[in-house]
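Enquirer: Model the placement of chain B on the given structure of chain A, informed by the hints.
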Amino acid sequence: MLAVTPIRVTKLETELLSLFGRRFKKFCEFDGLNKLLTDVGRSVIRLIESRCVLCKRQEIYKCLILLLFLGFGKFEEVYIMIKRIACTMFAMMFSLSLTAESLYVFVPTEVRANVMQTKIGELCNGVEVTVFGRAKDFRKQVKGNPPTAILSLSPVIEASDSFNTVMKGVKKGQDVEDYVLVSVDKPLEVGAIGTKRIGVVDLLGRKPMEKFVSGLLETKVKLKRVTKVEDLLPLLTFGSVQGIFVPTSLYDQLKSKSNLNLIATTINVQVGLASAALSKASSKEKVMKCISAFDKELNATLGVEQWRTL
Amino acid sequence: MAHSIKYLFNLLRKLGLFVALFSLPMQVAWANNALVIRGASSAFEEVVNGMNDDLEGEVTLHEIIVTKKSSQKEIVKAFKQHNPDIVILVGNKAVNLYGQFQNKNPKDSYPPAIAMAALFVDKFVGKLKNATAIRYEIPAVTSVVAMRSILGKPVKKVGVVYREWMEDIIKENQRYCKTEGIELVGIKLPNKSGKVDSKVRDALKSLSNDVDALWILNDNALLTRDALLKAWLPSRGKSKLPAIVGIRQFMTKIPLGSFAIVPDNYGLGAQAAGMIFDAMDNDWELEETDVQQPVSVKKFINVATLSKKSIGYRTDKLSQVDEVVK
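Chains as they are written, first to last, in my numbering: chain A, 431 to 740; chain B, 8 to 333.
Think of the hints as simulated: they come from the structure by calculation, not from any bench. Be a bit skeptical, because a hint or two may be false.
Pairs of lysine to aspartate or glutamate residues, derived as DMTMM-like cross-links and limited to a Cα-Cα distance of at most 25 Å, are as follows [to be verified]:
{"hint": "1", "chain 1": "A", "residue 1": "Lys658", "chain 2": "B", "residue 2": "Asp288"}
{"hint": "2", "chain 1": "A", "residue 1": "Lys637", "chain 2": "B", "residue 2": "Asp290"}
{"hint": "3", "chain 1": "A", "residue 1": "Lys687", "chain 2": "B", "residue 2": "Asp329"}
{"hint": "4", "chain 1": "A", "residue 1": "Lys570", "chain 2": "B", "residue 2": "Glu65"}
{"hint": "5", "chain 1": "A", "residue 1": "Lys650", "chain 2": "B", "residue 2": "Glu295"}
{"hint": "6", "chain 1": "A", "residue 1": "Lys658", "chain 2": "B", "residue 2": "Asp323"}
{"hint": "7", "chain 1": "A", "residue 1": "Lys726", "chain 2": "B", "residue 2": "Asp323"}
{"hint": "8", "chain 1": "B", "residue 1": "Lys163", "chain 2": "A", "residue 2": "Asp682"}
{"hint": "9", "chain 1": "A", "residue 1": "Lys652", "chain 2": "B", "residue 2": "Asp60"}
{"hint": "10", "chain 1": "A", "residue 1": "Lys658", "chain 2": "B", "residue 2": "Asp297"}
{"hint": "11", "chain 1": "A", "residue 1": "Lys685", "chain 2": "B", "residue 2": "Asp329"}
{"hint": "12", "chain 1": "B", "residue 1": "Lys305", "chain 2": "A", "residue 2": "Glu727"}
{"hint": "13", "chain 1": "A", "residue 1": "Lys570", "chain 2": "B", "residue 2": "Glu295"}
{"hint": "14", "chain 1": "A", "residue 1": "Lys626", "chain 2": "B", "residue 2": "Glu187"}
{"hint": "15", "chain 1": "A", "residue 1": "Lys549", "chain 2": "B", "residue 2": "Asp323"}
{"hint": "16", "chain 1": "B", "residue 1": "Lys76", "chain 2": "B", "residue 2": "Glu53"}
{"hint": "17", "chain 1": "B", "residue 1": "Lys333", "chain 2": "A", "residue 2": "Glu540"}
{"hint": "18", "chain 1": "A", "residue 1": "Lys570", "chain 2": "B", "residue 2": "Glu70"}
{"hint": "19", "chain 1": "A", "residue 1": "Lys549", "chain 2": "B", "residue 2": "Asp329"}
{"hint": "20", "chain 1": "A", "residue 1": "Lys566", "chain 2": "B", "residue 2": "Asp329"}
{"hint": "21", "chain 1": "A", "residue 1": "Lys570", "chain 2": "B", "residue 2": "Asp297"}
{"hint": "22", "chain 1": "A", "residue 1": "Lys637", "chain 2": "B", "residue 2": "Glu292"}
{"hint": "23", "chain 1": "A", "residue 1": "Lys658", "chain 2": "B", "residue 2": "Asp329"}
{"hint": "24", "chain 1": "A", "residue 1": "Lys573", "chain 2": "B", "residue 2": "Glu53"}
{"hint": "25", "chain 1": "B", "residue 1": "Lys185", "chain 2": "A", "residue 2": "Asp615"}
{"hint": "26", "chain 1": "A", "residue 1": "Lys573", "chain 2": "B", "residue 2": "Glu52"}
{"hint": "27", "chain 1": "B", "residue 1": "Lys75", "chain 2": "B", "residue 2": "Glu52"}
{"hint": "28", "chain 1": "A", "residue 1": "Lys566", "chain 2": "B", "residue 2": "Asp288"}
{"hint": "29", "chain 1": "A", "residue 1": "Lys650", "chain 2": "B", "residue 2": "Glu63"}
{"hint": "30", "chain 1": "A", "residue 1": "Lys570", "chain 2": "B", "residue 2": "Asp60"}
{"hint": "31", "chain 1": "A", "residue 1": "Lys687", "chain 2": "B", "residue 2": "Glu144"}
{"hint": "32", "chain 1": "A", "residue 1": "Lys570", "chain 2": "B", "residue 2": "Asp285"}
{"hint": "33", "chain 1": "A", "residue 1": "Lys626", "chain 2": "B", "residue 2": "Glu292"}
{"hint": "34", "chain 1": "A", "residue 1": "Lys658", "chain 2": "B", "residue 2": "Glu144"}
{"hint": "35", "chain 1": "B", "residue 1": "Lys260", "chain 2": "B", "residue 2": "Asp297"}
{"hint": "36", "chain 1": "A", "residue 1": "Lys652", "chain 2": "A", "residue 2": "Asp567"}
Only chain A is shown next, with the shape it has when bound in the complex (with noise of 0.2 Å):
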């Protein structure tokens, strides 16, 4: 019945289910539905532990919801049909509240996205937090099941246009970063750009990223695009890419990491930061208040400094 998909159940959502089980057991007192209401509560849970680790997250819902409409069938009294009514009510408004916000996070770091998301998870009550670690992941979750909010890059959001930007990360005073193109040994010529290949991490897919990294760099280039942040030191190692374009703050990042002769070219290109931004039907204010609770540590990992609202 529970289709596979790259969803994963948080742990503030697991908790938030229990207490589902557990309001029902009280509100809906009598014999029978008592039983039948810990057993949903209880299956619901094993559930999720056991072999729902990975699953649709509506698909519970529903479950939940068909379930408690089964086991109401099984009383005649009009007393209880209300209560039926009442109960039925109370866990769709349950689950309604459960989904009313949800916020995607695509920014390309070496932290792994469910270490990030669990950190996020955790500062952000009452929004579902789903942190991706792939461009595609990203693009498809937003397309397939769009999210209440979206935080990533800016020419990530740009390209999506369903979304309307509302908060901007900002460094050192600016909501831009230099962008650089790092060779080994020997400076790029920026002149040669054009035939030599470049080495980025994928933001949005192949056409789109070869469009938007030649309009930054005024000419046609050849890209190799990698999933991660940290499959560029070894395009640059294996001699698979001339130059790779990057931040100035990962050029920093590699020189750390790395022992390789490398060397920054300076071709006077800013790209924006990390912006959060909502689908125009949504109210801005938990997801807002969510995004400035970030600690130092968790805005560092996202390239920013603080968050400035527009």
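Expert: Quick look at chain B alone, frame taken from chain A:
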């Protein structure tokens, strides 16, 4: 009136059939087709997922899953059916089967092929026509740089025990390591030897005083049951050196190392997709025939082993590994 409606309906039906019949072969002719020949394991499936996601529908993948019963006739049939622009070989069985297919028709010309997720693929890909490959073995430099950033201390010399036939591979790894300021110190053992355990034991003893870390190769001939029980495990138990292994189990169930750096199968597929696009842009010809190194890896660390051996590590870097075993 009824007659007119019937006439119109028949006309539309004929027109629909004509369009469908005409468009189907045109679609096949215009589409970019890749024939994927792969083993049945989930790792290979992950490779194909990575490739498919990155291709984003620009190239259609047609799969043959190799089983014990598979023969080159399946490839003949798939070639006739899909007329592939490129062939992707995932796993050693697929590479061997495609080799048999080419050998049956040595005078024919073949579309470009990319082999991957196959052990020591260099040995086989050279025998294929119009083919290149991505290695499955993770280069020492990738593994050591990953380990070094977590240890947060200089790793200047890394020891490795290898067999004679791997000489070229070790030399290539030494070259890459040198660019990162790492000296790869190798001890060569014969290709065939009756006393693997004692030879491994001597090699490890000799390396233990000379290097900062060990790089343990996935070589079945060096990791025999006897060699594991009599040489590797006793030596590793006593040693205070960190070691890198290429299989996660060698960091947990069989405690040989504290770092496991293994191929990222999804990333491997994405890397292959890049090569497919390159070939596509080059009118379905391979741009390069040199075997490529894998760029994407998964990192595992056993901090319990590190602590037991009093090896320090940077806790702030643990968020950068795929799994921390405690």
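Enquirer: State for each hint whether it applies.
Expert: Do the hints match the structure? See the list:
1. A:Lys658 to B:Asp288: 24 Å, holds
2. A:Lys637 to B:Asp290: Distance of about 17 Å is within 25 Å: holds.
3. A:Lys687 to B:Asp329: Judged against 25 Å, a Cα distance of about 18 Å means the pair holds.
4. A:Lys570 to B:Glu65: Holds, at about 16 Å.
5. A:Lys650 to B:Glu295: Distance of about 21 Å is within 25 Å: holds.
6. A:Lys658 to B:Asp323: 19 Å, holds
7. A:Lys726 to B:Asp323: Cα-Cα ~14 Å, so holds.
8. B:Lys163 to A:Asp682: Between B:Lys163 and A:Asp682 the Cα gap is close to 22 Å, so the pair holds against 25 Å.
9. A:Lys652 to B:Asp60: 20 Å, holds
10. A:Lys658 to B:Asp297: 24 Å, holds
11. A:Lys685 to B:Asp329: 22 Å, holds
12. B:Lys305 to A:Glu727: 24 Å, holds
13. A:Lys570 to B:Glu295: It is violated: about 32 Å lies between the C-alpha atoms, which goes past 25 Å.
14. A:Lys626 to B:Glu187: Holds, at roughly 23 Å.
15. A:Lys549 to B:Asp323: 14 Å, holds
16. B:Lys76 to B:Glu53: Measuring from Cα to Cα gives roughly 23 Å; hence the hint holds.
17. B:Lys333 to A:Glu540: 21 Å, holds
18. A:Lys570 to B:Glu70: Roughly 23 Å separates the two Cα atoms, so the pair holds.
19. A:Lys549 to B:Asp329: 16 Å, holds
20. A:Lys566 to B:Asp329: 19 Å, holds
21. A:Lys570 to B:Asp297: It is violated: about 33 Å lies between the C-alpha atoms, which goes past 25 Å.
22. A:Lys637 to B:Glu292: Given pair A:Lys637, B:Glu292 holds - Cα atoms ~20 Å apart, limit 25 Å.
23. A:Lys658 to B:Asp329: Given that 25 Å is the threshold and the Cα spacing comes to 12 Å, the pair holds.
24. A:Lys573 to B:Glu53: 22 Å, holds
25. B:Lys185 to A:Asp615: 14 Å, holds
26. A:Lys573 to B:Glu52: 24 Å, holds
27. B:Lys75 to B:Glu52: 18 Å, holds
28. A:Lys566 to B:Asp288: 22 Å, holds
29. A:Lys650 to B:Glu63: 22 Å, holds
30. A:Lys570 to B:Asp60: The given pair, whose Cα atoms are some 10 Å apart, holds under the 25 Å limit.
31. A:Lys687 to B:Glu144: 22 Å, holds
32. A:Lys570 to B:Asp285: 24 Å, holds
33. A:Lys626 to B:Glu292: 19 Å, holds
34. A:Lys658 to B:Glu144: Status holds; Cα separation ~19 Å.
35. B:Lys260 to B:Asp297: Violated. B:Lys260 to B:Asp297 sits at ~37 Å, over the 25 Å cutoff.
36. A:Lys652 to A:Asp567: Holds: A:Lys652 and A:Asp567 sit about 23 Å apart, inside 25 Å.
Hints 13, 21 and 35, counting from the list given before, are not met by this structure.
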